[in-house]
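Undergrad: Chains G and Y, in that order, give the protein sequences. Mind the numbering: the first sequence is residues 1 to 173 in my numbering, read in order. Mind the numbering: the second sequence is residues 1 to 416 in my numbering, read in order.
Since the hints were derived computationally from the structure, they do not count as laboratory data. Among these hints, one or two may not hold up.
Within a straight-line C-alpha distance of at most 25 Å, the following computed SDA-like cross-link-like pairs (lysine to any residue) qualify [to be verified]:
1. K273/Y - N157/G
2. K37/G - M191/Y
3. K273/Y - V172/G
4. K273/Y - L68/Y
5. K37/G - G105/Y
6. K37/G - L68/Y
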Amino acid sequence: MSMYRFALASLFVIMGHAHAAQGPGLGDSLDPGSLQKHDFTILPDGAGLPPGSGSVEEGAKLYTQHCQACHGEDGQSGSNDALAGGLGSLTSAKPVKTVGSFWPYATTVFDYIRRAMPYAAPGSLSADQTYAVTAWLLYINDIIDEDTRLSARTLPNIEMPNRRGFVWSEEVR
Amino acid sequence: MGDQLIPEAGNGLMGRRAFMTATASTAATLLSASAAGAQRTPWMRAPGAPMSESGVPSRHEAGLQRVLFASAPGTTGAGTSATPHEHLDGIITPSRLHFERHHAGIPDIDPDRHRLMLHGLVQRPLSFSVDALHRYPIVSRIQFLECSGNSAMMTAPEPPRLECGQLHGLLSSSEWGGVPLSILLDEAGLMPQGRWVVADGADAAVLARSIPLEKMMDDAIVALYQNGEPLRPANGYPLRLFLPGWEGNASVKWLRSLRVTDQPAMTKDETSKYSDLRADGSAEMFTFEMGVKSVITTPSPGLILDQPGLYQISGLAWSGAGRVQSVAVSADGGRTWADAQLDAHVLSRSVTRFRTAWQWNGSPATLLSRATDESGSVQPSREVVMRDRPPGSYYHYNAIQAWQVSDSGEVSNVYV
Chain G
1 MSMYRFALAS LFVIMGHAHA AQGPGLGDSL DPGSLQKHDF TILPDGAGLP PGSGSVEEGA
61 KLYTQHCQAC HGEDGQSGSN DALAGGLGSL TSAKPVKTVG SFWPYATTVF DYIRRAMPYA
121 APGSLSADQT YAVTAWLLYI NDIIDEDTRL SARTLPNIEM PNRRGFVWSE EVR
Chain Y
1 MGDQLIPEAG NGLMGRRAFM TATASTAATL LSASAAGAQR TPWMRAPGAP MSESGVPSRH
61 EAGLQRVLFA SAPGTTGAGT SATPHEHLDG IITPSRLHFE RHHAGIPDID PDRHRLMLHG
121 LVQRPLSFSV DALHRYPIVS RIQFLECSGN SAMMTAPEPP RLECGQLHGL LSSSEWGGVP
181 LSILLDEAGL MPQGRWVVAD GADAAVLARS IPLEKMMDDA IVALYQNGEP LRPANGYPLR
241 LFLPGWEGNA SVKWLRSLRV TDQPAMTKDE TSKYSDLRAD GSAEMFTFEM GVKSVITTPS
301 PGLILDQPGL YQISGLAWSG AGRVQSVAVS ADGGRTWADA QLDAHVLSRS VTRFRTAWQW
361 NGSPATLLSR ATDESGSVQP SREVVMRDRP PGSYYHYNAI QAWQVSDSGE VSNVYV
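Bound-form chain Y, shown alone (with noise of 0.2 Å):
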């Protein structure tokens, strides 16, 4: 069995439909290739390096890091680094690449002195060092955490020249793993009148949200893995509120306060940053859920195409609402869509990767992919998403983006 391909849509976008053929053939020549006497590479003539304590990538692949954005004037810790997405693939981004949002720099916290308090509107007020915390039931689940300000730049009125990555990169995704807060919760006795958790961080700003305690009973952790080892600090060392589906902010990092209240505490970080204007002037408070979302990341602005032929068009979509349903890619910037297929994890609050095959013919073609999430929301259109938004009004954008490819290969950043 093999796959063939044929037209599914406008411009190239291609479709797999399954076809018999013979492919042993192949793997005969392969076998014979390496038979005794062949030429030996460099790195073939004598044993590689030893084992290591810890890997890092090759040195080959120095050049794949995070995009460094400039922290605010006078300070080094206040600003973000974005993930380099269109160097990448698959569903994980990998821990040293996950972007980076902090208001006063990362804390050297020492896990022994490090504590987790639970107050408030509870009957029984808790305190819980790092390592009672392990002992408890962990939940593990791929996820996906956003910041409300990314891709913020492309509200400005004319397309930025920027990468994937520069663009859309406060966006990554992991395992986390931690302890249902429903738990600890439990454990203190939620008194009737609690509606609220005010979350504080131990960063030098003590940023504070207040999150609402449906949520907290929901599927809100303490989580103190990423990608199957220990948080890093940049994540929230040693444990940090993790939100599934909703704006990273509120996953407050290096928690050190839960304070059940009656009413949320108006914090600097939900007036007056991470609310959302209005044209009326007026802004809307606790917008917490990310919404349907998706783009290309091959190929992507940072990335070329050297010549005209056969190429994968991939990407990543994702929801705050839950599963991403399906995603359409269209070659000629919307004429004709054809539905991409989903990798094999379509998970609940996760980026799910999504593909097709594009035969480019070397003239220019403009790419886009929309996203449909299991509860029906479509990822709208940029004028949409700008209609009734002023200037000055940039969190939570999710419109489709649309990148130009040019008969020479490069690939920018339109306004379709």
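If we strip away everything but chain G, and leave its shape as in the complex, we get (with noise of 0.2 Å):
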């Protein structure tokens, strides 16, 4: 084959290449404000969070309501997850990773609560209700006293107590 030839033919490889790669063109356009409502993503900045406040205080009565049963009246002796203690563990015979021991991020509390709890009605409690429930988590984490209010301004500020304990894998650095 002919050097000419050669250049013609992987030409057309790369070609053929983004030809394959063309779709029809058939998503329909989003518009912003419908994102809004659909858009579950919430960022370790802050960015996502939905306007709204809640306190420890009401957090507490909400926890009782809604989470207790399975996770403890302390957050630690239920029959899921805990959600406490475990200060200190992760090098012990048995790590308890909890969001006060493991968790890097508290925005990630928030997220989380507002997209799979309550287990058995996700979904069912409002922003200012996430707010207050995750302050109550981080309260009995002891990593926040019990007159802050969390709101989308002061929630993404809440340093972890194991926010340096996550390193990022070679595969992503």
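Both chains are sitting in their own frames, so use the hints and assemble them into the complex.
TA: Structural data, given as structure tokens:
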């Protein structure tokens, strides 16, 4: 094969590839308004947190009502995942990974509760209630004091005890 | 032409060598045996069952089911079911036996009301109907899906007395067909700051994972088909993300939203769960790729060798890094090894079926398999995998598996 034909053939390979990777363009455009209604994503810097706020005290009541049955009165003695305690246990023979001992970001607590909890009725808590329950979980882990009110502004600033305990794998570094 | 078995490694491991032989006489015997007047078994005396709209396994295989593990207390849909590998062969897991790991049950999604949103750092946020996605070019590949918690029980101090599928059944393999995500992302137009894509499922937990954009542009697909039919509900109907070679949790089922971001969202399933605790108490995040691994499925716990004689050792090998290069098998606890034969389909990020003949002499034997992938990675020993691994670190266990065959033919899980 001459150099010219070889070059032409590789050009076709490249073009063929580009062609195969082309779609029919059947996506409907999404307007930002409808996106806000449907997007759950919350980033560690707080982007995506909804308006609203909640207190530790409100959170205590909501926790008793909606969470305690599965996660225990103190967040440690329930039948499901422990949500509190475990501080200093990660290098022990029995590591206890909880919001307090393990979770690196406070935004994740809000994000996860908003997505998935309470288990049987996800989405049933309002934004205010979700801030409040988040506040309660941070309070029982000694991360905030009882007067702290959580909101989109305050939540991302909370420094979690194990914030520095996480490293990125080489795959993404 | 035929093969002859000759010893290849210790304790009865055999290899095949071609030799010439005449095989015509056997065929003739079979023919004469089926002449008129021969006896009929009951099912040969009358026409059988009619055609049907959907097939089911033989009623004699009714026991061939997934291994169901308990759901989290107070729930029915937060748990796993595993593929019973000890009863299967080949490289395709029947869809009905594909493992499950759900965090809030299986949603019953109406495809006409389901949308896939593509937004964030893109020029044109888009929403795709399921019908629209079916008009896109589809690629189909046979690839494995493995939960990063597969084989986690093998990190226990004592070897669990469980069957092969109970131990290693959070691995399955299918032909996955779907739309390359690169096509959809191209249509939406990536902005230069984009680095990650946050994927959400439409289950009750709105399960979310952050995926590096590079993987999404490389070989990720929005899967619509599994083994030739539309995805089953337990596997993400009507569509799921499928990330070849990566831990199963990242292949978000019931995919509803893909948001391009400049950073990961640090969701519960990439921090609290699916991160790897290390001996110093730190945890490694985003360990996506599944390591090179293999397991002998026949014989394995759950099966019994009823008498000494010639057996076929058969198993599965796979690697998230690419193709399986070779699989070595030992019948003497690792003192000597022989290369197993690989079935024809040696595909990238797929399971490869390996086989070797074994003459069991009736005395206790320890069977091992050790896979090597095309990147040169060799499946590690349990000792190496457990080194630096504290208690409570159970994801990504890929050590060499040892099965002990007792003199009565029972097969059990052992550590070597």
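Undergrad: For every hint, state whether the structure bears it out.
TA: Outcome of the hint check:
Our distance criterion of 25 Å between C-alpha atoms is met by K273/Y and N157/G, whose separation comes to about 23 Å. A C-alpha spacing of about 23 Å is found between K37/G and M191/Y, which places the hinted pair at or below 25 Å, so the restraint holds. With a C-alpha separation of about 18 Å, the suggested pairing of K273/Y with V172/G holds against the 25 Å cut-off. Between K273/Y and L68/Y, the direct Cα distance comes to roughly 21 Å. Compliance with the 25 Å bound is thereby established for this hinted pair.
Proximity of K37/G to G105/Y is assessed by CA-CA distance (about 24 Å); at most 25 Å being required, the pair is judged to hold. For the hint linking K37/G to L68/Y, the alpha-carbon distance of about 37 Å lies beyond 25 Å, and the restraint is violated.
In the structure shown, a violation is registered for the earlier hint numbered 6 alone.
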